[in-house]
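A.B. asks: Once you have looked at the hints, place chains B, C, D, E and F on chain A.
Protein chains in written order, with our numbering: chain A, 1 to 136; chain B, 1 to 136; chain C, 1 to 136; chain D, 1 to 136; chain E, 1 to 136; chain F, 1 to 136.
If you're looking for bench data, these hints aren't it; they were derived computationally from the structure.
Which copy? The list can't say, so a pair holds if one copy fits it or any two copies do.
Each computed PhoX-like pair below joins lysine-lysine, with the alpha-carbon atoms no more than 20 Å apart:
id : residue 1 : residue 2
1  : K65       : K108
2  : K33       : K72
3  : K33       : K65
6 protein chains.
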Amino acid sequence: MRVTVSRKAHFNAAHRLHRADWKAAQNEAVFGKCSNEHYHGHNYELIVHVTGSIDPITGYVMDIKVLRDLIKSEVEDAFDHKNLNVQVPEFQNLIPTAENIVVVIYNKLRPHLDTSQDLEVVLYETPRNFVKYAGE
Amino acid sequence: MRVTVSRKAHFNAAHRLHRADWKAAQNEAVFGKCSNEHYHGHNYELIVHVTGSIDPITGYVMDIKVLRDLIKSEVEDAFDHKNLNVQVPEFQNLIPTAENIVVVIYNKLRPHLDTSQDLEVVLYETPRNFVKYAGE
Amino acid sequence: MRVTVSRKAHFNAAHRLHRADWKAAQNEAVFGKCSNEHYHGHNYELIVHVTGSIDPITGYVMDIKVLRDLIKSEVEDAFDHKNLNVQVPEFQNLIPTAENIVVVIYNKLRPHLDTSQDLEVVLYETPRNFVKYAGE
Amino acid sequence: MRVTVSRKAHFNAAHRLHRADWKAAQNEAVFGKCSNEHYHGHNYELIVHVTGSIDPITGYVMDIKVLRDLIKSEVEDAFDHKNLNVQVPEFQNLIPTAENIVVVIYNKLRPHLDTSQDLEVVLYETPRNFVKYAGE
Amino acid sequence: MRVTVSRKAHFNAAHRLHRADWKAAQNEAVFGKCSNEHYHGHNYELIVHVTGSIDPITGYVMDIKVLRDLIKSEVEDAFDHKNLNVQVPEFQNLIPTAENIVVVIYNKLRPHLDTSQDLEVVLYETPRNFVKYAGE
Amino acid sequence: MRVTVSRKAHFNAAHRLHRADWKAAQNEAVFGKCSNEHYHGHNYELIVHVTGSIDPITGYVMDIKVLRDLIKSEVEDAFDHKNLNVQVPEFQNLIPTAENIVVVIYNKLRPHLDTSQDLEVVLYETPRNFVKYAGE
Chain A
1 MRVTVSRKAH
11 FNAAHRLHRA
21 DWKAAQNEAV
31 FGKCSNEHYH
41 GHNYELIVHV
51 TGSIDPITGY
61 VMDIKVLRDL
71 IKSEVEDAFD
81 HKNLNVQVPE
91 FQNLIPTAEN
101 IVVVIYNKLR
111 PHLDTSQDLE
121 VVLYETPRNF
131 VKYAGE
Chain B
1 MRVTVSRKAH
11 FNAAHRLHRA
21 DWKAAQNEAV
31 FGKCSNEHYH
41 GHNYELIVHV
51 TGSIDPITGY
61 VMDIKVLRDL
71 IKSEVEDAFD
81 HKNLNVQVPE
91 FQNLIPTAEN
101 IVVVIYNKLR
111 PHLDTSQDLE
121 VVLYETPRNF
131 VKYAGE
Chain C
1 MRVTVSRKAH
11 FNAAHRLHRA
21 DWKAAQNEAV
31 FGKCSNEHYH
41 GHNYELIVHV
51 TGSIDPITGY
61 VMDIKVLRDL
71 IKSEVEDAFD
81 HKNLNVQVPE
91 FQNLIPTAEN
101 IVVVIYNKLR
111 PHLDTSQDLE
121 VVLYETPRNF
131 VKYAGE
Chain D
1 MRVTVSRKAH
11 FNAAHRLHRA
21 DWKAAQNEAV
31 FGKCSNEHYH
41 GHNYELIVHV
51 TGSIDPITGY
61 VMDIKVLRDL
71 IKSEVEDAFD
81 HKNLNVQVPE
91 FQNLIPTAEN
101 IVVVIYNKLR
111 PHLDTSQDLE
121 VVLYETPRNF
131 VKYAGE
Chain E
1 MRVTVSRKAH
11 FNAAHRLHRA
21 DWKAAQNEAV
31 FGKCSNEHYH
41 GHNYELIVHV
51 TGSIDPITGY
61 VMDIKVLRDL
71 IKSEVEDAFD
81 HKNLNVQVPE
91 FQNLIPTAEN
101 IVVVIYNKLR
111 PHLDTSQDLE
121 VVLYETPRNF
131 VKYAGE
Chain F
1 MRVTVSRKAH
11 FNAAHRLHRA
21 DWKAAQNEAV
31 FGKCSNEHYH
41 GHNYELIVHV
51 TGSIDPITGY
61 VMDIKVLRDL
71 IKSEVEDAFD
81 HKNLNVQVPE
91 FQNLIPTAEN
101 IVVVIYNKLR
111 PHLDTSQDLE
121 VVLYETPRNF
131 VKYAGE
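Just chain A, same shape as in the assembly (with noise of 0.2 Å):
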């Protein structure tokens, strides 16, 4: 009998779109005007699924608390007024795309979690554009 368990979270960050080791022509015409040099910024917000059993003696599959807490350390206090290409060691060389930054999420947040459990992360980078990752 297994449930997931979810959690909502949000953290604002600045970023941009670019590969240093193209030219300023190259990353306008892949990013287009997610490329500004002078950053642009998103109110990020995540959805954490754990699934697993439920304990019979709690009733939980994990203590939300918990979770959140998790989610807090790993990622919002990670993150949150930041910039993400300057300020964040993942993406020093990773470009931040949403796809991008939802792996490096679960990446984080998988080793602290059951080996029994399943992790799926949701991130929406505006309110009609998201990405989800489940580490297949």
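C.D. replies: Chains B, C, D, E and F only, in chain A's frame:
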């Protein structure tokens, strides 16, 4: 060609998380303010997903009005404006965590659906905390 | 040049609507299932609007962090995961209808704001039912 | 490493549910007020999910601008501010239930995606009623 | 001490914007695709605000169940799943723009409220376009 | 008979809150992590309300397409995917707090509206923090 038909519903209820076989301190340690002896409550938002084949005559997987009425009779009439711990039989010996509630709802709806159809139930306890169960 | 600064917050609580000086039948007739003796509950969503002049030094009408903390200490800490009828002093002799709750919240916040600032409070009892009070 | 990229879009359209080979009474019995001969309408909200590998050069599964433009040309331009029964060829002989519409949208989008990518389409007919199709 | 009580409701309807005394080209020039002769439609979201004094006996400005039923009988039953141009008498000689619809709804509700109460009506034609009328 | 017509829009931008005439410690004390020298960003959601009389010929207070295009040319084209501090002239000597941004937007839109019409602008910096300005 299997399509999922989904319906949102809601109910308002009181509950508390505690075990009668635990002392107050242990309940407080595990369940925190959710163990408040005088109860607290939520606007539960419910999403019921039914997956099946499209009937070529009607273009329906399932008449959404039938699904709406089923949710009303099985869930809303049973849970809305109730104290889950005190007034809902399924929680007499089961802690009404979101996880346990979603499983109870699944088990109440499942017998009313065709065996060829799949069921998945999502329950929001708050806008940021929610659970999902698909019967496996 | 007056600008309104707004902050959303929320709390979860149990309540019931009834008058001790009425018989059960009269309470049932007036308040319906909201008078359930075992309580029910809601995820209350709160919006606090403060209107005032922009401070030319900071560009703030009011530091939103200060407003957030004020809402936490005056409202969330007092109401969250509580039974309003039993555990919140303001409702010992006042029915906790949404109307009365929004006035109580207004009265708790008003003394903490500058007299040059206007206050308006909106309270959602459910996503479809809400109330507003501005102190007049 | 497969990631899902999602895009929300919308269109407004009129429709009715009825079968020309049924009498009015039968249409009314099965489709209720949805069979109103003068039509009614909806703000359809659409979510398109595309799952594939991240391109290591761009960090994209798919350029979301390309997906946005594809949805516009294939779905919005074809359906927005249209009467689905009268003006959209796919529904000349197919009842425009939400289930049938989501399958039509899937079939219009599928040929434009790489065969290595998976497609799932979600369609909200109202905020409480929605459907999903993934081509199986 | 005046408090506003608000209720959200909704209805789905078809409409078109056109003047019979204009040629098609002029209708097209002014109303664009909204003038489509075969109609299109919307999920109209409605918010009704009633402002008045709190009854000290009940703690209500107005029983929200009474307001809900009033909206149902006056608005939902009259407009839901209807073609506004063809089937709703108020729009026989009045273009069903959002502006005109919100005034019609106001005028239908106003006589049912106490003269000491204020009424304001908000109507969402789409999630991004909406109108408001308060009778002045 | 004055009706309000409203349009939602959005833009994504980077910003930081700081005063060049203050030392870093003072900026940090007043603006906290919002003063991060490498910027952070937001998905700004914008609501523009225009109040005026209904034109009896068209049934419009203002053609919502005209309002949409005005918001695009005056606000979205100027702010979207920009660094407000560095790339938007209005904030060269004005801290881009939400309060100051909403006043700037008001001042950019006001000259394009008829003097008989009222304007109110709401700006969401995050889903929980927002501001409003009506030109007084």
